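Asker: Take each chain as given, in its own frame, and dock them per the hints.
Now for the letters of each chain:
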Amino acid sequence: MAGIAGLSGCLEGGGGGDSEYPALGNYPIEGDTATLGFNVPQTGPYQEEGADELRAYELAVEHLNNGGGWADLWSDLSGDGVNGYQIDYVTGDTATDADTARESASRMVERDGVIMFAGGSSSATAIAQQELAQQEKVVYMCCLTHSNDTTGGDCVRYGVREMFNAYMTGQALAPIVTAEYGDGLEFYQLYADYTWGQTVETSIREFFGAAGWSEVDSVPTPLGTDDYSTFLSGAVDSGADVLFLNHYGLDGSNSVSQAVDQGVNEEMEIVVPLYNVPMAAGAGGSIEGVFGTDGWDANLENEPTRLFADAFVERYGTVPSSPARLAYSGTMLYAAAVERAGTFYPPEVIRELEGYEWDNGGLGEEVLRACDHQAMRDILVVRGLSAAEQDPTAGRYWEVVEQASYPDQVGYGCDSGPAAACELGAYGDE
Amino acid sequence: MGVAGVSLLATGIGFLIQTLAVASIYILVAIGLSITLGTLKFVNFAHAAVYLAGIYIGLAVALELPFSGDIGRGIGLGEVGLGLGFLAALAVIPIISFGLGLLMERFIARPFYDRPDTDQILVTFGVLLIVQEVIRGLVGGRSMTFTRPEWAQGAIGLGPLGTFARWRLAIIAITAVLVVVVYLYIEYTDVGLAVRAGTEDAEMVNLLGVRVTRPFLLIFGVGSGLAGAAGVVSGPVFSVVPEVGIGVLVPAFLVVVVGGVGSLVGSVVGGLLIGAVEVGLQMGAPTWASVGIYALAAVVIMLRPAGLFGVVEVDE
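Taken in sequence, the protein lines are chains A and B. Numbering-wise (the numbering used here), the first sequence opens with residue 168 and increments by one. Numbering-wise (the numbering used here), the second sequence opens with residue 29 and increments by one.
Be aware that a few hints might be false.
[Said to hold, decoys possible] Non-contacting residues of chain A with respect to chain B, defined by C-beta distances greater than 10 Å in every case (computed): (1) V257; (2) D360; (3) S381; (4) G401; (5) E455; (6) R473; (7) N527; (8) G592.
[Stated by the list, open to error] So the derived label-pair ranges between C-beta atoms look like this: (9) D266/A to T241/B: 39 to 49 Å; (10) E107/B to G379/A: 47 to 57 Å; (11) A588/A to I329/B: 39 to 49 Å; (12) L331/B to Y594/A: 55 to 65 Å; (13) W316/B to E470/A: 48 to 58 Å; (14) D266/A to L112/B: 16 to 26 Å; (15) I123/B to A588/A: 58 to 68 Å; (16) S35/B to G580/A: 46 to 56 Å; (17) T315/B to D266/A: 45 to 55 Å; (18) D199/A to A313/B: 55 to 65 Å; (19) Y348/A to L212/B: 28 to 38 Å; (20) E470/A to L105/B: 32 to 42 Å; (21) F135/B to S553/A: 44 to 54 Å.
Note that these hints are calculated values from the structure, not bench results. Here the structure is a predicted model, which is why all the values come from computation and not from measurement. Yeah, the Cβ is synthetic: ideal placement off N, Cα and C, and Gly gets one too.
Bound-form chain B, shown alone (with noise of 0.2 Å):
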């Protein structure tokens, strides 16, 4: 191989990093989407409240947390937080976020499990709404960040690949253990074996005397729990604001839409897909980058309505 061959070569590794990179998160929010669509026919625009208070809990745990919104104030909250560091908050917010999922199961989705898409998705998306603000009541809107432990920090040369934050490096690996494992869980367990075969058809497996509602009610706050560990890797990459749940919701929506309803494999692929489209127009064409990625989802839609890897169009 040529001096010109180990370039390109090198230039396409590094560019498969730079789309890890950026896939990873949106990867870890749309499992949980989904999932949730996929078995409960359900749109829950308010994952992305799960990955928001993720991150707002874990600065908590993690920091003293200034409450300095008009309410926070108010009430003179002062500064709140355990200050236990961020690697305390990466191993308690993925299991507070998967009760946050069983709660917001019972209390917002199972309501709404018979209702219109149109409705599902109102209520879910004033879900995530009246967190941000409250959010923003309780803490304000001045962007906060997570220190990280020294080792997560800075830079690491990859000779000729270039060089690539650390911590960019952690979330693509966090991401793939995190993704390997409920691979499994669907895969090799029984619960998983009813969430498949749920998503296929609910109605055939309650006739067969399986009850698919434990098992479903596990897989979402399943889903939460990622969204939530999500939103604690994301956090020290980018600045903390309370619209970051807003900001993600789009992104992770299209990664559903391109790889497939239901589908993790499709949800892994469909993240890529967009990292990767992002980071090519970003590299050759800025200007096109966030038009890019609808652009994919529209041609996926067209060419096969299921997405890539779907069990069931979305409005099956």
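Extracted from the complex, chain A is given alone in its bound form (with noise of 0.2 Å):
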């Protein structure tokens, strides 16, 4: 078998579809250009950050077929398209709704012939994504989603994801903030209300009640809310000591600003679960001394960093947020593992990416699990500058207080937390 694919590696290579492999999906793929699909929130709360995915997704696009970035970097790739295949794209907005987005995501399936497609913010999409990647055998690399049910019990063979999740960001959490601020205090969650939210907030409960916090009350706000001004007054009336704001993008903008404003941060302490730069640029000065985890950041001094965030400002003027990263890092990983497979014959492809490990992606060690497909990987503990420190034009919001290393401070077995759910689909060819 490994011959077979060996050979049809090497037909299927410069063109033409010339395949041993089985027509699945949208293999084979017809003419000589391989078509990906990037499926971001253009409109909706996530906007921004699926703005900043489009410009990392279009920057990959051109090192994979022209070099430069991480096509230089990394060995599997040659700079010169994907396996003798020049790549092209198609983009789509998921208007941060579940439903558009998978109707986005069918449209480049069935008229586009993406052979992957890639997006998410917010989970919701993401996981209605990778059920469709399943059903119809394309692969989707899962951007920006962070509910434990990406990995958990919505897990699908089809989906992988790089970025970490909610549980993982409880664990990175609850001993630097337990420590700064006390035992035993009470705290207050306001979350946005879907998988996302929820799986923040039962996470945040989890792991802040292990280490002796007690839960006041917790108390949903829909997604897209403006205004939160009455839901920031039951949480001062609570008298808890802290205040967990479970809120992404454009909302958690939003309900930080307000929060300051309203003076909330005077009575309690505040805490952001899941921060990034365009959500940081937003809020502004308010986010000064508020604890969050980032998944990376453009400051970072390695060499993958300074690469990615050197070309991103040299093309588009602004510093890279993480969720740019991840879908840089998605397209590139995704590239890789067509290299290494020879093919993009899709179940092959996801045997390279299942347990592939790497270091070159500006986080130290990573490994993407095949138990799960979640990555394994470090987490940035950060906590917010005042307006005055902060650096919009190097995209400095904050200090990063840690880097909370996989396995010492973060990470769970294929048993237990949100894997335990996990059961992964058919590769296809079985």
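Answerer: See below:
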């Protein structure tokens, strides 16, 4: 079988779809161009993250076709297309809505014949898209999705995720935040009322509860809420010591800046479990002293970070956010897996991704687990800077308090945490 | 009054302030919508475009606005703005929006006065989308916020009533002043008289030899000025992105439906009711908060098709 696989790779290289593998999903590719689909929120509460992701996807395609960035760094990549094919792409707007995301992805799969599609924020859109991926046997590279369910109860064989999850955020945050603010405190949670917010809420309760804190109350807020003032008043009235704002994107910018404007930070400590740069930029000086986690920082001093961040700045004139890095990295991981497999045949590409270990993505050592398709990797615990200390041109809005490392500080076994609920589906070639 | 009574009273007043804070923006936007619908029988969804333009022009007056959208970068606009600060924007934008309203009446509304509601909705919603996308192309989708003067930042404690953002209280005061001024204008000036008469029966007013075109034009501009003002005062509270126009349109339109077309008092009462339902549900049943305002509008339409203070039914 390995011999056949190798032969098929040779035959496939250079285009034409002359393959020993059977047709599956959108394989074989017709012509000499492989099309990727980038399905991101261009409207809705997570549109800023989506816009940054799209920039990074376009940069990734440019590097894959013409060299530059990680295409020059990763030995699997040639910088002259992927496995003999030039890379083209189509884009879609998920509108930060699961149904719209699924429809848009479906168009990419059926009309545009994409061999891989990628994107997501939110987690609801990512989960909807990876269900479609499994059904259509087209690989989906999850981008910004932090819900435990993505690689937990809703995991699929055809979706993989480099992004960490709410469970790991809880693991990383609890020791640092409880050490900073003290023992035995009471906390209150406001959370976005969908899969992501719900799993963050559960994980915060689990890990801060285990650290000796107790929850006073936990209140859902609809995704896309503009005005959090009433919810914030309720939090202050509760008398709790700490407020977790489990909101993201525009919602996160609004809730944290309204909290500070309303004086909530004078009554209680605020924690924003999941941060990113566009959100911090929207909230400005309101994030001063506020703890949170993020996946990556453009100011990290390592070669992959510098290569990507510098290329991004040169191309777009702005510093990339962590969602942008995820988008870029996901595309590169897929392309490298295709090169190693010697084919775009989805089951072979997935097998190359499963268990893959790498240390040249700017975050140290990472492994994409075969059991649940979740990357085990480091997480940054960060703390917001004051408006005066922030430097928007350098994308510097916080200090990195700690790079919580896997496996010492974050991570879990295949039979525990969210992974315990994961049953990956079929490869499609069984 | 016992301790429990004081506490209940404090909760009630706190709820009222919260409701006023939420309702203020809706009311400011709804007044223009309601007046245009009442006087000119014109369904003007592009009203939200004035709100949107008010915010972004206000940002350009107040700050150096980065033109980082695809079009903005393409033509190399860089950062453009007067940098005059927030108060300058607050003073200038209602006047600019008044002018935008006059232009909109002349070039968008007037050609469609005699067309069916559906045509009016399509064209005005289209204008809103065009304005939104042009702004996105020029400035980009990244959220922005107004920097306020120090006195307008932070919170103020009102004892047992709770702690409120200073600027939210300022919005309530600004809204109250603007509503009173417009109310006096409509009730006690010749223009207002013509508008009120024209709202009741435009044909009869014309037959009596009063030209209602000019008063209607003025009142269109006044409504637009309020929408622009709403844009600037809400800018520091909510992150500014190109979709905020569409975001405010739906609740403002529901305020008109509940309060009744063509009635300023109706817009105020409708806004307060919508605000109260939203705040009440956020306190008691948060998952229903976004649905509750639609339920309120549905109930009001069933019981009073013209709205609570409506002069005419929308499709009359």
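Asker: Now look at each hint and say whether the structure bears it out.
Answerer: Here's how the hints hold up against the structure:
1. Under the 10 Å C-beta cut-off, the non-interface status given to V257/A relative to chain B holds; the minimum distance is some 17 Å.
2. Residue placement check: D360/A does not keep its beta carbon more than 10 Å from all beta carbons of chain B (closest about 6 Å).
3. Every Cβ of chain B is farther than 10 Å from the Cβ of S381/A; the closest lies at roughly 21 Å, confirming the non-interface assignment.
4. With a least CB separation of 6 Å from chain B, G401/A falls inside the 10 Å interface cut-off, contrary to its annotation.
5. Listed as outside the interface, E455/A is consistent with that label: its C-beta sits roughly 13 Å from the nearest C-beta of chain B, beyond the 10 Å cut-off.
6. R473/A, annotated as away from the interface, keeps every beta carbon of chain B farther than 10 Å; the closest lies near 23 Å.
7. With a minimum CB-CB distance of about 30 Å to chain B, N527/A clears the 10 Å threshold, and the non-interface call stands.
8. The Cβ of G592/A sits about 32 Å from the closest Cβ of chain B, beyond the 10 Å cut-off, so the non-interface label holds.
9. Checked against the given bound of 39 to 49 Å, the beta carbons of D266/A and T241/B, roughly 46 Å apart, stay inside it.
10. Separated by about 49 Å at the C-beta atoms, E107/B and G379/A satisfy the suggested range of 47 to 57 Å.
11. Judged by the Cβ atoms, the range 39 to 49 Å given for A588/A and I329/B holds: they are separated by roughly 46 Å.
12. At roughly 60 Å, the beta-carbon separation of L331/B and Y594/A lies within the given 55 to 65 Å, and the hint holds.
13. In this structure the hint that W316/B and E470/A lie 48 to 58 Å apart at CB holds, the actual value being about 52 Å.
14. A hinted range of 16 to 26 Å for the beta carbons of D266/A and L112/B is inconsistent with their spacing of about 44 Å.
15. I123/B and A588/A have their C-beta atoms about 60 Å apart, which keeps the hinted 58 to 68 Å range intact.
16. With their beta carbons about 50 Å apart, S35/B and G580/A fall inside the hinted range of 46 to 56 Å.
17. In this structure the supplied range 45 to 55 Å is violated for T315/B paired with D266/A, their Cβ-Cβ distance being about 19 Å.
18. For D199/A and A313/B, the hinted distance range of 55 to 65 Å is satisfied, since their beta carbons lie about 58 Å from each other.
19. At about 53 Å, the beta-carbon gap between Y348/A and L212/B misses the expected band of 28 to 38 Å.
20. The hinted range of 32 to 42 Å is satisfied by E470/A and L105/B, whose Cβ atoms lie roughly 35 Å apart.
21. F135/B and S553/A have their C-beta atoms about 47 Å apart, which keeps the hinted 44 to 54 Å range intact.
Going through the hint list in order, the structure does not satisfy hints 2, 4, 14, 17, 19.
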